[in-house]
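Assembling the complex is the task here: the two chains are given apart, and the hints tell you how they should meet.
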Amino acid sequence: MFQKILIANRGEIAARIIQTCRTMGIKTVAVYSDADQDALHVRLADEAILLGAAPSGESYLRGDKIIAAAQQTQAEAIHPGYGFLSENAAFAEAVTAAGLVFIGPSASAIRRMGSKTEARYLMQSAGVPVVPGYQGDPMEFKSEAQKIGFPVLVKAAAGGGGKGMRIVYSLPELREAVQSAQREAANAFGDDTVFLERYIPVAHHVEFQILADQHGHIVHLFERECSIQRRHQKIIEETPSPRMTPRLRAEMGAAAIMTARAVNYQNAGTVEFIVDERGQFYFLEMNTRLQVEHPITEMTTGLDLVRLQLMVAAGEPLPFSQKDITQHGHALECRIYAEDPAHDFLPSTGKILLAHPPNLPDVRVDTGVETGSNVTIHYDPMIAKVIVHGETRQQSIERMQAALRDYILLGVQTNIPFLQAILNTEAFWQGDTPTHFIEQNLADWSPSPLPDDLQDVALIVAALLEIEGEGETSDTQPPVQTDTSAPIDPWSRADSFRMGGNG
Amino acid sequence: MIFSYQMPNGESRSIRLTATADGTFTATIDERVYAVSVRRGGDHALLLNIAGEEISVYAARAGNSFYLSLDGVALTLEKPSRKSNRNAHAGALDASMPGQVIEVLAEAGQGVEKGQTLVVLEAMKLEIRIKAPYDGTIQRVLCEVGQAVERGQRLIEMGE
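For the protein sequence lines, the chains are A and B, in the order given.
So for the first sequence, our numbering puts the first residue at 1; every next one is plus one.
So for the second sequence, our numbering puts the first residue at 1001; every next one is plus one.
Treat the hints as calculated values from the structure; they're not laboratory data.
Heads up, a few of these hints could be off.
Claimed, not checked - DSSO-like mimics (lysine-lysine), calculated; alpha carbons at most 30 Å apart, straight line:
#	chain 1	residue 1	chain 2	residue 2
1	B	K1114	A	K163
2	B	K1114	A	K351
3	A	K4	A	K65
As the list claims (entries may be wrong) - Have a look at the derived ranges for each label pair, beta carbon to beta carbon:
#	chain 1	residue 1	chain 2	residue 2	range
4	B	E1054	A	G469	17 to 27 Å
5	A	P361	B	E1054	20 to 30 Å
6	B	Q1153	A	S180	20 to 30 Å
7	A	E398	B	Q1153	41 to 51 Å
8	B	G1052	A	D432	36 to 46 Å
9	A	Q19	B	Q1110	21 to 31 Å
10	A	R22	B	T1026	48 to 58 Å
11	B	Q1110	A	D362	51 to 61 Å
12	A	A443	B	A1021	51 to 61 Å
To be verified - Computed from the model, here is a short list of chain A residues facing chain B with C-beta under 8 Å:
#	residue
13	Q3
14	G350
15	L360
16	P381
17	A458
All C-beta atoms in this analysis are idealised placements derived from N, C-alpha and C, irrespective of residue type, glycine included.
Isolated chain B, as found in the complex (with noise of 0.2 Å):
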């Protein structure tokens, strides 16, 4: 089977693993291939061992994301979500952070200056200002104050 990822850095990679008869796996990278076995210790740990070498890591996954340990590196990869694949524009503000709204500034119609402050989020004592980044007009409003959102959620939809 092949599973696709986002890494870290934002590249998307691939990757084919299959089960082999004897309980191993088979992982082929590009061009790479490795001959990978693994153990599963208790708590999300695992012992793996690929073309020869043991490395021991913790891995956990919630939903689209992959929480890896590998070897004291911390690292989080996604499965590319259908979200992604949706329009983005230089207009479509989405929420840097999860939070909550506590002020929105703006409304469908409304003509605003770059820089303009249209939304504020609040997480975890820190207040961050969602802004116009060109002169333009506000299309849509979809948020309101009160209202909890995750990150990269929708926010404010200027027009182009």
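One chain only, chain A, in its complex shape (with noise of 0.2 Å):
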């Protein structure tokens, strides 16, 4: 096993790896910004090293400077996390040139499914259903969309998380919303190619984990639903499936495994399919990487996915066969983004002031922030992972609104009224999950007024701080003062309570 190993992320995943590797007893070297000298995740590692200036192209996607500094640190490994380099070929391959373990797939996987088009090309040869489609030439995208048929969405090649991605819903629409692709792609990720594929719109997003050792066992870790979909980025995941069946189950699950060994897969990865209306599947793209909602697969399997992740780079083989392998109970998980519902989700940045996590029973919370912490414009959005355990979807569904209603944040305005009200819709209630959920259900959701009771409470709070004087700073205001009577000053009192704020 490793004695030290550098984590090339930042946020939750880097602090969620990191403290992995301390029940391992595995040493961590941490690597950073200049936005992030302060962040949780450098906190918890060993060592730190600072690797530029805050936005990413300087900092997290500076594969040399991360290759360095583990020469640097004498780490034997790098996990690169999810996002930045994980699904970078050209990355692991300077890794392993370096002498150092990648720990993830080898290049060539990572390569082969990073494009979605050869991804497609090469399920189609092992038999794995693909949703129809058309991926050559540009110039025949007018002709090509007409034959897959209405709505087409243009997708990018190269990418992923809903970038480079456009609905089309008539032939007229099609070359604006490729060019705009194309621009959205080559900013993403470097590489402008799109294709077309048949946009299915009423479809469950099914994803199978699977993990591979370096011995040719691959197992399967079951399905995550994740069809509660924002913008095409993910915000509620759960496993089971509402909509799985045991037989549905067992012929992804095949499929997915079938997709690995189609690429000599190692290490952890995720098939993601589109199961229609009818129960058909279709191959949609492999993340050849950890991704952002494994905790729910760990949760009802009751496995640490990066401890195995680590075990297989390290070349052991699993620990386990398929059989071994089950899960009990249900798990949700509601990404925390640093968005503003009230203004269209947009980025909201600041001082986190106060986090203060949930601490309730089978409730688990990934975050990369702790009071003090900054969210910047630099990075994504998600500060957190709430991840919850029941025995059933509901009394999951349950947990996860008392944790919601627990988690205090303050500095940031968070989308966690808007999980909120997904929580409690009948459709989310019943299962009906589709990846137009969103739409259906919510389209003209705006969180609701404050009711007038706690308006007085608010305006009595904020009034006690600021008579307070606390967390001044230049820009604040003097009060305005119209009332000059001055009464005997209640913080003169010796008393119990403390004074001053954090400020």
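Structure follows, in structure tokens:
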């Protein structure tokens, strides 16, 4: 097993990987940018190396600097997390060339699955069903789109996370959608190649976790339902999928393993499928890394996926076979984003004045922020994940509602009110969660107005803070003083409260 | 003392809060008067007694923003700042989110059409386009590529 590894990431995933390393006695090296000097993941690691300025391009995407940091600290392996360089084949190659272990699959598997178009070809040859589409010359898009039939999805070949993706409802919209998708893809992935797929409007996004060792053993760790998405970004995931049947699970699980075998896959990965109204499934793409939502699989299987990744990367065989893997109960994850739900979910930045996560049984919080952390414009807006386990789906929903109510985050706006609204919908309780769930149930949602009695409480609390002079900075206005009768100052009494905010 | 705040719905509300001799407060909002006492817990936690009812809250201030969590409900009040009194008119285009200016597609004196993209902002991997609200002429460009801007910061001024 490794003595020391470097985590080439930040935020909640870096913190989470470090935690498993700590349980295994593995030393950790964190990397960080100027904006993350005081970040949680830096504090948790045994050592930390500064990469550069805040923008990702000068820090977390600098593979050369990351490898140099690993060599400097004598780390033996690099865990890339998700996003950043985790699916960058050139980085995986450079890590190996530097004599280090890349905790993930081979560069070749990354490359082949990283191109959505090549992955589709591969799956077609392997006999795994794929969504009908066209991935050739853009000059043919017009005629091919008509063959596929509208609505058509334009997707980035090098893409993910909804970037470089456009739904086209009719032919006249096609050209601009393609150009816009190409531009977004070029900016996000450095590759403007796009392709077309039939858009399946009523569908469930179901993915399978797979794990493969270096000795040819591949298993699946069941599915995750990821259909609650806003602008193609996942916000709630769960396992088991409410729409799964044992037969479908067996078929899809087998297809996922076949997919992994087709590229000699090693380590952890996820095969994404789309399941239509009739229960027909199609391969969508394979993510050759650990995913954001992996904790729900951990909660139901009782396994630590990062631990398994490290074991596999160190050459150990999987400690179980497919029949040994079972799942128990139900798990849900909600992603907490620093976004303003009252202003079209635009990013919200600022200093976290208080982060007070829920502390309840069977509730896990994976977070990269704590009190005092800075949320900046430079990185992904996801600041935490709340994961709950319950004996039944109903129980896990109730537990999640309690957890979200208890999660206090002061200093930035979050999507928690929106998550709560989703969990309160009848359709969600019924397990009726196709990918257009939000458009169907919450298209006109806006945050509820504050009840009148809480309005008064809010005013009282704010005024109390102000009268005490808490948190004043050079930007603050002095209070408007119209009443100059000077009462006895209660703050000067010797009393049991603690004065002064953290500011 | 009287304090005024902008509520989440944009409305402006005022409260008179005065300290009393025994260390408690009297709060007056519109015609309602409350007796208030407060105990501080750790970490921005307050236990309030308002007219005999206890409520536990978390509250913290940063600049002109007051971040509150009242019984699990998160909300932010703002002190009306000097900036909000500035001339707001249809041609004053402000940043709708904090971010970095990645493209400036307009210059002073340029004629533009309604819907034309003038500035592109980027934050947290999200790109937004600030567009001309009507056909007109650019009067002033107040930002440049690479600049970090705050939410509400003026980027472009167009003629009325």
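Original post:
Looking back at the numbered hints, which does the structure fail to meet, lowest number first?
Top reply: 2, 9, 13, 15
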